[in-house]
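This is what each chain is made of:
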Amino acid sequence: MADEALELLEENELSLLETLDHVLNRGLVIAGEITISVADVDLIFLGLNVLLSSVESAQEAFGKRGARSVIDDLNRDK
Amino acid sequence: MVRSKLIEPSPEVPLPVAPEIDTLHAEEFVEELRCVADTLPPRINLDAQSVEQGLAKLVLTLIEFIRRLLEKQAIRRMEGGDLSPEQIEQLGLALMKLEEKMQELKAQFGLAEEELNLDLGPIGRLV
Amino acid sequence: MKLYAYCVTEELPAGSVDSMPGIDGAQSFLIQSGNLAAVVSAVDVERIDVTREHVLGHERVVRGLLSMTTPLPFRFGTVVDEPELRSYLESHHSSILSQLERVRGCVEMSVKVIWDLERIKREASEMEEAEDPHGQHQATNQSGTAFLAAKKREIEGASLLKERGEAVATWLMECLGDSVRDAVMNVQPSQPLVLAAAHLVERGQLEEYRAALGSAREARNELHFLTSGPWPPYSFTNINS
Numbered sequence: 001m002a003d004e005a006l007e008l009l010e011e012n013e014l015s016l017l018e019t020l021d022h023v024l025n026r027g028l029v030i031a032g033e034i035t036i037s038v039a040d041v042d043l044i045f046l047g048l049n050v051l052l053s054s055v056e057s058a059q060e061a062f063g064k065r066g067a068r069s070v071i072d073d074l075n076r077d078k
Numbered sequence: 001m002v003r004s005k006l007i008e009p010s011p012e013v014p015l016p017v018a019p020e021i022d023t024l025h026a027e028e029f030v031e032e033l034r035c036v037a038d039t040l041p042p043r044i045n046l047d048a049q050s051v052e053q054g055l056a057k058l059v060l061t062l063i064e065f066i067r068r069l070l071e072k073q074a075i076r077r078m079e080g081g082d083l084s085p086e087q088i089e090q091l092g093l094a095l096m097k098l099e100e101k102m103q104e105l106k107a108q109f110g111l112a113e114e115e116l117n118l119d120l121g122p123i124g125r126l127v
Numbered sequence: 001m002k003l004y005a006y007c008v009t010e011e012l013p014a015g016s017v018d019s020m021p022g023i024d025g026a027q028s029f030l031i032q033s034g035n036l037a038a039v040v041s042a043v044d045v046e047r048i049d050v051t052r053e054h055v056l057g058h059e060r061v062v063r064g065l066l067s068m069t070t071p072l073p074f075r076f077g078t079v080v081d082e083p084e085l086r087s088y089l090e091s092h093h094s095s096i097l098s099q100l101e102r103v104r105g106c107v108e109m110s111v112k113v114i115w116d117l118e119r120i121k122r123e124a125s126e127m128e129e130a131e132d133p134h135g136q137h138q139a140t141n142q143s144g145t146a147f148l149a150a151k152k153r154e155i156e157g158a159s160l161l162k163e164r165g166e167a168v169a170t171w172l173m174e175c176l177g178d179s180v181r182d183a184v185m186n187v188q189p190s191q192p193l194v195l196a197a198a199h200l201v202e203r204g205q206l207e208e209y210r211a212a213l214g215s216a217r218e219a220r221n222e223l224h225f226l227t228s229g230p231w232p233p234y235s236f237t238n239i240n241s
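Protein chains in written order, with our numbering: chain H, 1 to 78; chain E, 1 to 127; chain V, 1 to 241.
Check the hints yourself; a few may be wrong.
Derived lysine-lysine pairs resembling DSS-like cross-links, with alpha carbons at most 27 angstroms apart [unchecked claim]: (1) E:K72 to V:K151; (2) E:K106 to V:K151; (3) E:K97 to E:K72; (4) V:K162 to V:K152; (5) V:K151 to E:K101; (6) E:K106 to V:K152; (7) E:K97 to V:K152; (8) E:K101 to V:K2; (9) V:K121 to E:K72.
No lab work stands behind these hints, which were simulated from the structure alone.
Using the sequences plus the hints, can you model the full thing?
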């Protein structure tokens, strides 16, 4: 039984992590993004935005504990 | 018309309500993906306060890029055989000091090695 | 009122998203603009925190659309007001249409590969020693010359690793052949998770894709795979452009 519960938890976590990876990594952007284009080719986008966002605001957005907190949320619920 | 453009899910292959995940090594992937999750960028807009710290990161990234370029170039010259042993030694010492200095600066701004990189979109990463 | 934006699709019949609760349980609805529709819900904050509920809420709505059409997801956390959204849809009309065209009828499938990094590194350094038996393996890092020699080995090791990593990506692409319409690959040779690939697969080709992937997995026992999907085309949605 305990093993099954553990397996279930792992499965859930894996599925959550995969979802995080997909949802957070990409997508269309409306505003707040810097794009440097040369000859109409977008060369630097996402990265520069990330680069210019401070560690502080990162912590703010992630609630001080990093994206890890999302995973902790999951574990706490179990 | 409008409806004809929509993809009607075929009854034989209905889309699952959640993505199907298949692996024999769940534990390993959980561990690796946790690391990925830890470095996921936040989605936030620029504000004045964040620029200063961000600027340090941008500048250090570019210095790091140039430093690596210099190292590669130095090795190429060393192998080219047109440098005297003294010149090679001097070059090596200078680059060694540069690397040490960079380590200090990184520590000072609390930046990890892998943070000093730029995502250049379709053409990959800077370093 | 602020809007949280989930995705853009080709125009949809009114009421298509009525049954989809979004972020914080808010009712989602459509903003139609010409032959495009954006799926949104009302929010009362400027910034959406990255929490489990929010991420899953975003994914739930976009995935809901996936069963009707192939949507272009917005970046997580996109909060706008209505005029902003409308002007975006109008000014990016042609680029959005061509992106919708690119993903039409497809879903995203994902493959991640973990390799035995330690073993690969060992093999790489053995190969180097064989190539360079008189290599300058000075133990000390005090002198500049030794530093450069060490750097050389480091760089060569890294490039060998890079070759190996890219070989995995190429091999996988070859295995999947025509079942894949498009692919985005992220190779990280210095990491255990060496490859994260996203494949754009036509819905009708899913069986073929899964079969090809299955035989690929069996062929390489030393690699550990994680496959997931179908996903909305998160990786095939370009920013701005």
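Does K97 (chain E) pair with K72 (chain E) here, judged by a C-alpha cut-off of 27 angstroms? The given pair, whose Cα atoms are some 16 angstroms apart, holds under the 27 angstroms limit.
Hint consistency between K97 (chain E) and K152 (chain V) [alpha-carbon to alpha-carbon, up to 27 angstroms]: Status holds; Cα separation ~17 angstroms.
Can you confirm whether the C-alpha distance between K72 (chain E) and K151 (chain V) stays at or below 27 angstroms? holds (8 angstroms)
Under the criterion that the straight-line Cα-Cα distance not exceed 27 angstroms, is the pair K101 (chain E), K2 (chain V) satisfied? With Cα atoms ~47 angstroms apart, K101 (chain E) and K2 (chain V) exceed 27 angstroms; violated.
Would the hint linking K151 (chain V) and K101 (chain E) be met if the CA-CA limit is 27 angstroms? holds (16 angstroms)
Between K162 (chain V) and K152 (chain V), does the CA-CA distance stay at or below 27 angstroms? holds (15 angstroms)
Please work out if K106 (chain E) and K152 (chain V) have their alpha carbons no farther apart than 27 angstroms. With a Cα-Cα distance of about 23 angstroms, the restraint between K106 (chain E) and K152 (chain V) holds, given a limit of 27 angstroms.
Would you mind confirming whether the straight-line C-alpha gap from K121 (chain V) to K72 (chain E) stays at or under 27 angstroms? holds (21 angstroms)
Holds or violated: K106 (chain E) to K151 (chain V), with C-alpha atoms at most 27 angstroms apart: holds (20 angstroms)
When the structure is compared with the earlier hints, a violation turns up for hint 8 alone.
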